[in-house]
Structures are given as C-alpha cells and as structure tokens.
Amino acid sequence: MDSHWLELCKEGDTLAIERLVCTYHQDLYRLALSVLDEPHEAEDATQEAFLVVLRALHTFQARSSFKTWLYSITLNTCRKRLQQRKARERLQNILQILQPLHGPSSPEDNVLKNELDSDLWGAVQALDEKHRLPVILRYYHDLSVAEIAEMLAVPEGTVHSRLNIARARLRLVHDEGQS
Amino acid sequence: MTDISHAQARQYLLAVADNLLIEAEQAALRTHLAQCAECRAYAGELDALKSGLQAVFSSRWDHQSPSARQLVSSAQAQSKRISMHYRFTTRARVLAEVVIVIALVIALNYIIARRPQVSARPTQVPTSVPTHALQPTPVSTSLLLATSTPVITATTTSLRYENTTRLIALALNTSGNPDIYVMHIDGSGLTNISSDPSIDRNPLWSPDGKRLAFESNRSGNFDIYVMNVDGSGLMNLSKDPAEDSLSSWSPDSRQIIFKSNLGGKAAWYAARTDAVGSVIKLSDADATLAQAIWSPNGQEIAIMENKSDVLILRADGTNLRVIQNKTSPGLTHDYGCQILGWLPDGQNIYTECESSDDGGPIWTIYQASTQAGLTHNISTILQLVYPPVVQDFWMSKDASLGYELRDDGDPVSLYHSISFSLYRFENGKSVLSGKEIVDCAGKGYFRFSNESNTSGQYLSATQCDSANITELWAPNLKDDAGQVVGELNTGLPPLQPGSSMMRTGSTIVEWSQDDQFVLVCTSTESLAQIYVIARDDLNFSRGILKPVFTSQDLLLDYSQPVIQPVDVPPQPKP
Chain A
1 MDSHWLELCK EGDTLAIERL VCTYHQDLYR LALSVLDEPH EAEDATQEAF
51 LVVLRALHTF QARSSFKTWL YSITLNTCRK RLQQRKARER LQNILQILQP
101 LHGPSSPEDN VLKNELDSDL WGAVQALDEK HRLPVILRYY HDLSVAEIAE
151 MLAVPEGTVH SRLNIARARL RLVHDEGQS
Chain B
1001 MTDISHAQAR QYLLAVADNL LIEAEQAALR THLAQCAECR AYAGELDALK
1051 SGLQAVFSSR WDHQSPSARQ LVSSAQAQSK RISMHYRFTT RARVLAEVVI
1101 VIALVIALNY IIARRPQVSA RPTQVPTSVP THALQPTPVS TSLLLATSTP
1151 VITATTTSLR YENTTRLIAL ALNTSGNPDI YVMHIDGSGL TNISSDPSID
1201 RNPLWSPDGK RLAFESNRSG NFDIYVMNVD GSGLMNLSKD PAEDSLSSWS
1251 PDSRQIIFKS NLGGKAAWYA ARTDAVGSVI KLSDADATLA QAIWSPNGQE
1301 IAIMENKSDV LILRADGTNL RVIQNKTSPG LTHDYGCQIL GWLPDGQNIY
1351 TECESSDDGG PIWTIYQAST QAGLTHNIST ILQLVYPPVV QDFWMSKDAS
1401 LGYELRDDGD PVSLYHSISF SLYRFENGKS VLSGKEIVDC AGKGYFRFSN
1451 ESNTSGQYLS ATQCDSANIT ELWAPNLKDD AGQVVGELNT GLPPLQPGSS
1501 MMRTGSTIVE WSQDDQFVLV CTSTESLAQI YVIARDDLNF SRGILKPVFT
1551 SQDLLLDYSQ PVIQPVDVPP QPKP
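Keeping their order, the protein sequence lines are chains A and B.
In terms of the working numbering, the first sequence is residues 1 to 179.
In terms of the working numbering, the second sequence is residues 1001 to 1574.
For the record, the hints were derived by calculation from the structure and aren't laboratory data.
Just so it is clear, the structure is predicted and the values come from calculations on it, not from any experiment.
Note that the Cβ used here is the ideal one computed from N, Cα and C, for glycine as well.
Be aware that a few hints might be false.
Heads up, incomplete: computed chain B residues facing chain A, CB under 7 angstroms, no partners named [as the list claims (entries may be wrong)]: (1) L1014; (2) D1018; (3) A1075.
Please build the complete structure, drawing on both the sequences and the hints.
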C-alpha cells in the first residue's frame, strides 16, 4: 500500500479505509488466529488491531515496512489478549478440533500421521511463548528472522537462537513420531 | 573451497533454515553435503520438521477468514471519529497554549511588581535544575520526585531499603505511548522523566548511576539518547536515519556501545556520552548475531559475531584482532558461542560454545588470549556432555565459573517435578554448591526465570501447576533441596487438570549490577508487579512478599525495569 493511500486513510477517506482493511484483513486474521488459536477471539483481535492502527496511523513514519508495522501491532494486541486470557481447558479441545488430513493414505497411516501431528502440535504448545511465537511466525507466516526480530523487539540473534532451541525440542518429538 | 566439519555443516543447516547463510557458506555446505550422508540425513530431518510444522499449522489455521465487510464499516466510522477528534484536539491545544502564555505574562507582571528592591548585586540566572531534583535522597525521609499517575498504585514493604538512595528506572505506557520513569526502590515517587509522544524504551543506567541511556523513535527512527536522572541534559548520541539498539555503557560511563542497521547491515558503533556526533564504527562485520563486552578497565571491547568469531579491539576502534573463529584448533560450535566474560587480568576471556554429536548436545568452555600476537591461543577449560542439560552458565567477579544442570536431561519434559544442581568450577574441578528440588506432588510446574548474580548467588522463580503462588527458590546444600525464600501472589491461577500446558503470565528475576538487590517482575492477565528484595533478605524465608509497585501498564516484554547500580550521594547545593 503506497504512501498516497496511507495519507488518504489518515484523512478518514472511506474508500482508502476500505482498501486498507480489505488488503490486510486476511493476513492479520491469520496472524491473530495462529497466536490465539481461537477463531472468534482472533476475529475480535483483528478488529481491535485495525482500530489501533487507525488511531496510530499518523505516527507511522514509513521508514520500516508498513506490513511489519501492522503485524507488530496485531501481535501486541494478541499478546495482550493472551495475558488477559485465563488459563482454561484447552488440551481436550485441541484434540477434538484437530482435523483429519486429506490424502490417499490408508486408515492406519492416517491414525499414525494424526498421532504424529498431534504430538508435534502438543510439543509446539508445550513451548513457552518466547520460543513458540518465532516458530509460528517463521513456519506458518514465512517471515524472515529480521522481520520477526522487529515484531518481537528482540535482536535477530535472539530470534535465531530461540528458533534453534525450539527446533531441537520439536525435532525430538517429530523424529520419535516418525520412527 | 575447503571442506567444512560436520559440526559446521549442522550449524550452517540451521542458518539455512532461517535464510541467514551467506553465499560462500552455502557453497561450502553444498560441497560438504555432496560427500556426507550423515549431514544429508540431518538436513532431511530439518526439512521434515519444517514440512510437519507447516502441515500441522495449515490444518489448524487455514480456514476461510471471516468477511471483512462489517470490519470495513466499523473502521470507516472509527476513522471519522479519529479524524474529528484529531482536529478538535489540535484546536484545543492551540487554544490552551494561548491561555498559558497569557497566564504566564500576567504572573510575571505580578512577580515583578511585588519584587523588593534590596540589592544592587547583579542577579544570576540559574543554568540548571535544582540539585535536589537531580539526586536521590534516602527513601525513608523524603520523595525525590513528583507525584505518580493515578492509574498506578505503590505500596510500602517491610523489606530493608532504609539504607539506600537508589532508584528504579522503567518504561511505562500510561498515556498511550511508552515513556521512561524513575521511582524510589520502595515504589514511591514515580515520575515521568522522558515525556514525549513517541516511544521511549529500554532504560539503562550508567555504571556510576548518574545518567540513563534509552532508545527513542522521537526523530522518526530509534536513536540512542542519554539524560540525567531528572530528565535534564537530554542528548541524541546516535542521530542517524537507521534503527539503533542500545547495548552497554563503558565501565567509566564515558562511552556507549550500540548496534545500528545503518546502510542496511547491522554493525557495532561506539559513542561518547559527553558530546553529540562522536560516533565511531567498531566493526564492519554483520553484527546480527553478536554481543559486545567491555574489558574490566574499559579500554578494549570483545565482540562475538558470526556465531563463533571473537574480535578484540580498542574502544577507539583501533588494534583490531581476531582471537577465535571457525578455524581455531579444537573449537566445536554447531549451535554457536557466547562470551561469558573477561578475566580480571584483561588478558583473557572465557567463551562458551554448544555443539552436538549423535548422543546430544555438548557444552564447552574455552579460554582465549586477547593479546595481540597470540591469536587463536585457545584452550578447553570445561566440557559437559548431555545428559544432563546445562540450564545456564555464569562467570563470577573472581573469574570462577558456575553452571546449573537440570538433572533429568530431557529437554522436552518441561512440566514435571525435577531437581536442579548448581556447580562451581574451581581449580579444574566441579564442586556441587547447591540443589533445588521442586516438588509439585507430580502435578507439574513451570520455571519462569533463573538468574545468578556475579557472586554466583542463584535465584529462580517457579510455580507448581496446582498452586496459585509463585515461589522464589535459592538453591543450597544445607537441606540438600534448596529453600523457598519468598512467595509472590501474582494472581496467576492454577492450571486445571487436562488443560493446556501454556502459562499466560511471566516472572522475571533480575539482579542489580552490584548484586545488592534483586528485582522481580511478574506479569499476569492485566496486572504487572515489581518486587525488590535486598540480598541479605535471601538468607531465610520471608513468606508472602509485598510488591513495591503494581500497574496495568508496565512494559515487561521488551523493556525491563532496572535498579540504579550504586547509591549516588546527594550533591551539595552550589
């Protein structure tokens, strides 16, 4: 989205706002869903993030990527919600919600693969937040280490290090499941 | 191109996974993989993990996103309100400024009219703020600073603060944008000292305790600023169009090292703290994965970059030499290295590298000479092999090494009752110096933070899954199990049986630079708390501790509160 459109958004132009929302809505929703893992809350967080963006738009300096800036705001919104969310029963829900994967494999293979995925998902959930978020941002959102570092406000080396630690833990589960 | 070792190849493969490998390293890796079936298998495992994760994430989250139509109308309405509000506040601000100017003129006229004509001596215009506002006073007698904002409550505590004048610096987001605040160590006298509409973050005390450095984007991008304790004497030290991040003060408080991506590549820079525009570049190499540590006398800097290379240079950027890199004999570093610290003689440093073999990770501590002409003079000091898992290394002021082991050795099982062992490495031998056995009756636990001070005194924050209290543990050998020295009522609820293993709060332990105090920050749901404990209070159990400060706006994620490193005596009035 170029600076001309952003200027129009700052002035409250309805068409520009519509374009802003339509351009980034799906990306921000996916980001919120991957952090919060709950569709309704992700929808609320996306809406909240857009409202924060509109309020903060006049402070955006356009020196960094607009998308990275949007992601940072959404991520902060989601992290705040994570902090506010009370601990609740989720493991059972996770097991129920997991969808069977499609493919021409046998029922036995499906059971094994779902068990592996379930183990891997459980291992991802078992990571603490500082290791889980980089994994999600890297492997689901395909963001670079530099972009993740900017969003989490930590050095790039820290992101790489956290990813290595997370990979070492996840690889144990994944390799064990495959063998 | 010469071939690389298996260890290097694995390190490169991890870097490939994050697109961090440069072209020459990619070529070396390709050559190695063509000849090495073992490393190809490792690469396959990493690829399989990537595919597995992508499949899991995709199956969970790749649904049709909800319609944006309702959001569009909501955003448009909100935008109109913001636009109207912005126009209104701009006009109101102009009006308020006019009113203030008129009031000042009236007040000035009134003062001049009432001023007694008693002396012919020429008046002296004050050039600085009052001394009492610059220096802290004992917290038990008077407040240093102005009143706090109404959203924050501070409490007193029975712990011992009466003999200290030092302050806590922190970044708070009370008015929609983070500013730097200071308060007394007992939580009183909170004052905003960097009030600005931009983001101010990461306060860092000078070692003499007289000034604060911080990062601010008030110029449009993050620069490095310094100021006095009361916010006066503000200077933009880096003043460049790039994003700068603060690293450390020199021991004499006269220089600051920071990282900047000027020119699109992260590199180290140093700036004098008494003058604007005195920035020098320290290293041309990519400082993305790097650390920089001052020598004890502040004359030289050790820089770790490219995950295993150690450079030594003078603080003015001269006399650069490489004392450790990938070709150093005997160095194994698949997972990268870190500098543990300088030895007191200023002639040697300790580095710690993590590597792996088929049995699991290996941790090695090396001693490297920093003297010119003795490059790559490296010797192995200590090596630890998995299992168990090394949780942490540290180096005490007397250069003795310490490390903590998790005794079960399973890096995945984070949620079982487990014992930790603390060792001190002296005269070539590891000596058990403490144990911490966390017994949560088989219900699992979460260890938020563990931190050693420079004397090797260790403290961790742990909460059993079935408990609603976070415990501060100090390992010891007296009862062979460690001791709970304090309990924090953070409000983090117990985990229900069968629930996710994810905790939604955090607790961070941080020692003051001089080891006199430990600062504990807890964050849960919408509440953050700060506890301050004097070192002597860690010798016995204090029961439930009182926070010195609570807030809904504390920035714990990327901006830790920090304790003033030394007591700064009040300056005599001029």
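* In rising order, the numbers of the hints this structure does not comply with -> none
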